[in-house]
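Take 1 as the starting number for the sequence shown in the UniProt record's numbering and just add one per residue.
Treat the hints as calculated values from the structure; they're not laboratory data. Note that CB positions come from ideal geometry on N, CA and C, so glycine has one too. Incorrect hints may have been included.
Pairs of lysine-lysine, DSS-like flavour, derived with a Cα cap of 25 Å [stated by the list, open to error]:
no., residue 1, residue 2
1, Lys10, Lys47
2, Lys10, Lys146
3, Lys8, Lys18
4, Lys8, Lys146
5, Lys47, Lys21
6, Lys146, Lys21
Computed Cβ-Cβ distance ranges for the label pairs, DEER-style [what the hints assert, rightly or not]:
no., residue 1, residue 2, range
7, Phe50, Lys146, 20 to 30 Å
8, Glu49, Ile71, 21 to 31 Å
9, Glu12, Pro57, 31 to 41 Å
10, Asp56, Ser19, 38 to 48 Å
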Amino acid sequence: MEAEDGLKFKDEVLVMSKSLKQAGKFVIVTQRLILIVSCSSLVDLGKQEFEGVAVDPEWVIESEISLDSVIHADTNEALVHIVGSRSGGLSRKNQHPSKRSSRTSTKWWNDPSTPLPLFQTNLELTSQEDARELLQILLSTIEERKGRSWGSGYILHQSKYQVNSNSVKLNN
Numbered sequence: 001m002e003a004e005d006g007l008k009f010k011d012e013v014l015v016m017s018k019s020l021k022q023a024g025k026f027v028i029v030t031q032r033l034i035l036i037v038s039c040s041s042l043v044d045l046g047k048q049e050f051e052g053v054a055v056d057p058e059w060v061i062e063s064e065i066s067l068d069s070v071i072h073a074d075t076n077e078a079l080v081h082i083v084g085s086r087s088g089g090l091s092r093k094n095q096h097p098s099k100r101s102s103r104t105s106t107k108w109w110n111d112p113s114t115p116l117p118l119f120q121t122n123l124e125l126t127s128q129e130d131a132r133e134l135l136q137i138l139l140s141t142i143e144e145r146k147g148r149s150w151g152s153g154y155i156l157h158q159s160k161y162q163v164n165s166n167s168v169k170l171n172n
C-alpha cells in the first residue's frame with residue numbers, strides 16, 4: 001500500500017486485512033499499525049453488479065492507529081472496540097467522512113486538563129466470527145510487538161553493575 005509520497009508504508013509488514021461491514025471499507029493490520037481504508041471501486045465487491053477491480057484503484061486511508069497507542073481492545077458481537085492513548089496514536093486522514101450510516105466511528109476524549117487524550121474506534125465487521133478473529137490477531141500482534149521492543153534494549157542490573165559519577169564498573 002502506498003501513501004501520497006509512495007514510501008510511507010514501504011517497510012510495513014502485513015499481518016492481516018479484513019473487509020468491514022460498510023461496503024468498500026477494510027481494516028489492515030501491520031506489525032506497527034491499524035489502517036482503516038476505503039476503495040470506491042470495491043463498494044460492490046461480493047454483489048452480482050460488481051464489475052471487477054479497476055486497473056489502478058484509489059485507496060483512501062481514513063484512519064491510522066499505532067499499535068503502541070492501543071490500551072484496550074474488545075469485541076461485542078460483530079463490533080471491535082479499540083481504545084487508545086496519546087495524541088500521536090491516531091491520525092484521522094478523512095476529515096469529511098461519507099454521510100452513509102456506519103458503525104465504523106471514532107470518538108475523542110481530549111480534555112485540556114487531562115494529560116493524555118483518549119480515542120475509541122469501533123469497527124463493525126461482517127460477522128461475530130470475523131470480529132473475534134480480528135481481535136485475536138490484534139491482541140497477539142500487540143503482545144508480540146511488546147515482547148520485541150522490550151527485548152531489544154540493554155538492561156543493566158544493579159546487582160552486577162556499580163555506577164559512579166564518572167564510570168560504570170562490573171562487579172564480579
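Here is what the structure says about each hint:
This hinted pair does not check out: lysine 10 and lysine 47 have alpha carbons roughly 32 Å apart, beyond 25 Å. For the proposed pair lysine 10 and lysine 146, the alpha carbon gap of about 22 Å is at most 25 Å, so the pair holds. For the suggested pair lysine 8 and lysine 18, the alpha carbons sit about 21 Å apart, so the restraint of at most 25 Å is met. With a CA separation close to 22 Å, the supplied pair lysine 8 and lysine 146 stays within the 25 Å bound.
At most 25 Å may separate the alpha-carbon atoms for a hinted pair to count; lysine 47 and lysine 21 meet this at roughly 13 Å. For a cut-off of 25 Å, the pair hint linking lysine 146 to lysine 21 is broken: about 30 Å separates their Cα positions. Between phenylalanine 50 and lysine 146, the C-beta spacing of about 40 Å breaks the proposed range 20 to 30 Å. As the Cβ distance of glutamate 49 to isoleucine 71 is approximately 42 Å, the hint placing it in 21 to 31 Å is violated.
Separation of glutamate 12 from proline 57 is about 18 Å and departs from the stated range, judged on CB atoms against 31 to 41 Å. About 20 Å separates the C-beta atoms of aspartate 56 and serine 19, a value inconsistent with the hinted range of 38 to 48 Å.
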